[in-house]
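In order, the protein sequence lines correspond to chains A and B.
According to numbering that gives the first Met the number 0, the first sequence is numbered sequentially starting from 0.
According to numbering that gives the first Met the number 0, the second sequence is numbered sequentially starting from 0.
Please note that the accuracy of each hint is not assured.
[Unchecked claim] Chain B regions said to be covered by chain A (calculated; three or more residues, Cβ under 8 Å):
| # | segment |
| --- | --- |
| 1 | 233–239 |
| 2 | 248–256 |
[Claimed, not checked] Distance ranges between label pairs, derived from CB positions:
| # | chain 1 | residue 1 | chain 2 | residue 2 | range |
| --- | --- | --- | --- | --- | --- |
| 3 | B | Arg49 | A | Thr97 | 52 to 62 Å |
| 4 | B | Asp212 | A | Pro102 | 46 to 56 Å |
| 5 | B | Asn39 | A | Ser1 | 29 to 39 Å |
Hints in this document: simulated from the structure, not taken from any laboratory.
Think of the CB as a built atom: it goes at the ideal place given N, C-alpha and C, for glycine as much as any other residue.
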Amino acid sequence: MSYSLDGKGVLITGVAGDLGRATAARLLLAGAQVAGVDRDVAALARVASELAAGEAFVPLEGDVTDEDSVVAYMAQAVARLGHIDVLFNNAGVAGGETAAWAPIPTVSREAFEHVFDVNVIGVFLNLKHVLPVMQRGASIINVSSIAGLRPPAGQVAYAASKAAVIGMTTTAAQEAGEQGVRVNCINPGPLEGRMMEEIVGGLRRSRGGSEPPGMRGVGIPVGRWGRVEEVSELVLFLASDASSFVTGAVHPVDGGLSA
Amino acid sequence: MSGPLEGRVAVITGAGGDIGGAAAVLLAERGAAVVAVDINTAGLAVLLARLPQGAKAIAVEADVADETAVAGYVAKAQEAFGGIDFFFNNAGIEGSRTGAWKRITQLSLADFRQILDVNAKGVFFGLKHVIPVMAERGRGAIVNTSSIWGIKGNANQVAYVASKHAVWAMTMTAAKEWAANGVRVNAIAPGAIQGRMLRDFSAIIRENSPPPDPSRPARYNPPPFPRWSDPREIAEVACFLLSDEASYVTGACYSVDGGLSAI
Numbered sequence: 000m001s002y003s004l005d006g007k008g009v010l011i012t013g014v015a016g017d018l019g020r021a022t023a024a025r026l027l028l029a030g031a032q033v034a035g036v037d038r039d040v041a042a043l044a045r046v047a048s049e050l051a052a053g054e055a056f057v058p059l060e061g062d063v064t065d066e067d068s069v070v071a072y073m074a075q076a077v078a079r080l081g082h083i084d085v086l087f088n089n090a091g092v093a094g095g096e097t098a099a100w101a102p103i104p105t106v107s108r109e110a111f112e113h114v115f116d117v118n119v120i121g122v123f124l125n126l127k128h129v130l131p132v133m134q135r136g137a138s139i140i141n142v143s144s145i146a147g148l149r150p151p152a153g154q155v156a157y158a159a160s161k162a163a164v165i166g167m168t169t170t171a172a173q174e175a176g177e178q179g180v181r182v183n184c185i186n187p188g189p190l191e192g193r194m195m196e197e198i199v200g201g202l203r204r205s206r207g208g209s210e211p212p213g214m215r216g217v218g219i220p221v222g223r224w225g226r227v228e229e230v231s232e233l234v235l236f237l238a239s240d241a242s243s244f245v246t247g248a249v250h251p252v253d254g255g256l257s258a
Numbered sequence: 000m001s002g003p004l005e006g007r008v009a010v011i012t013g014a015g016g017d018i019g020g021a022a023a024v025l026l027a028e029r030g031a032a033v034v035a036v037d038i039n040t041a042g043l044a045v046l047l048a049r050l051p052q053g054a055k056a057i058a059v060e061a062d063v064a065d066e067t068a069v070a071g072y073v074a075k076a077q078e079a080f081g082g083i084d085f086f087f088n089n090a091g092i093e094g095s096r097t098g099a100w101k102r103i104t105q106l107s108l109a110d111f112r113q114i115l116d117v118n119a120k121g122v123f124f125g126l127k128h129v130i131p132v133m134a135e136r137g138r139g140a141i142v143n144t145s146s147i148w149g150i151k152g153n154a155n156q157v158a159y160v161a162s163k164h165a166v167w168a169m170t171m172t173a174a175k176e177w178a179a180n181g182v183r184v185n186a187i188a189p190g191a192i193q194g195r196m197l198r199d200f201s202a203i204i205r206e207n208s209p210p211p212d213p214s215r216p217a218r219y220n221p222p223p224f225p226r227w228s229d230p231r232e233i234a235e236v237a238c239f240l241l242s243d244e245a246s247y248v249t250g251a252c253y254s255v256d257g258g259l260s261a262i
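Looking at chain A on its own, in the form it has when it is part of the complex (with noise of 0.2 Å):
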């Protein structure tokens, strides 16, 4: 379908990680301006290399965690794109080697609090400095989980941080109605990429170096894991005007995961 960003202006966190690098080239080529942010220099290189579009994509080094470089980089992005249009708030991290998956007596409060910096002061930062900003009509798509809505065993931190991503995307939604913004998340299930290898390496770990059997299919409806590529189709439509009346909404693309 032809979801189109035509002139709008479209701020990507967390771009050099692999669902912010595909929902980049994916709104790129629907027409939009892209500012993608990374604390990571060397990524944000590789990932403005690899989408080779020009001047339509402007990379800038932050830290959605530290509330200086979110106002620095939101500046840069409105001097650059002319306007926010759109917000992709998707920055996020599993919680690392210890943190991924372990039981709750082994999570440190070190692990614990960085995974709730990024996943939730994080979000809360960008939605607090891009909604001055934004018009009539700008859309705001967190990032939430399928973890979420359904949090599983071992992974407190990301599930609690999730939940709160859900709960931080209707307030913001209520708040921003009069002006005409909408805000929703979406609720990914496993995807093929670093951050669910994380995930099941810690899991790995944790029963003695094996995988449980079928970790990568059995027990999901549709029997897969998905692929960045088709949830940067829902962030598209989303970001778009065909989305006008949805705000406030949970929206998991899990392959029935939750179901």
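Given the coordinates of chain A, work out where chain B should sit on it, guided by the hints.
For chain B alone, kept in the frame of chain A given last:
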């Protein structure tokens, strides 16, 4: 009609109504052949006249609560276009003048049954007869029309609320049952739509409600969007879920309510 959905076939129930009609127009604009089903033949005639020039379409008069009629529209779709790619299982009613807006203790069994027959049994019959056609080819996408009242409760609408919750439950069940056969099943949950149902409904509510009590406070939280939706805004979400772009989405219910359910 050329477009991204050229060569695909869409069956739409309740196509004579506002949401179904808007979806039929969108799907036809994008190139799909349309099988428009409704019990209301006048509504179907109006829809056919609204479709873009060159659209492939047939109209089928059928009562979705009658299983023989459901098998009939499925057979007619196959005869006319050779298969079914998209099924918008959408027909629904709010209930009669006596049944649409009543407290539980005042609602007759006949009124309760009428709403369940169309909204729940009609959706079940549609799933039952369309799924085998899709599963045989190993692909297909279905969207059922639930409601904001399929995920929340609402006073004075016990039958409608029960029926639309049932639609959401059947969506999850069908998604799990048929995912392995390549059939995706999702639901949409619309809020208030500018159209026939809400117009009739507002009149029924006025007739059946006591005058407002000025001593009771007004609602604290206003809806995020201070307007009703255009049926096309609802149809866009259904069409997204039907399309290949939603390839990893199944067993989900997407709200289209201007934020009403977020309150």
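Here is how each hint holds up against the structure:
no.	hint	in the structure
1	233–239	holds (count 5)
2	248–256	holds (count 8)
3	B:Arg49 to A:Thr97: 52 to 62 Å	holds, 60 Å
4	B:Asp212 to A:Pro102: 46 to 56 Å	holds, 54 Å
5	B:Asn39 to A:Ser1: 29 to 39 Å	holds, 32 Å
Consistency note: the structure conflicts with none of the earlier hints.
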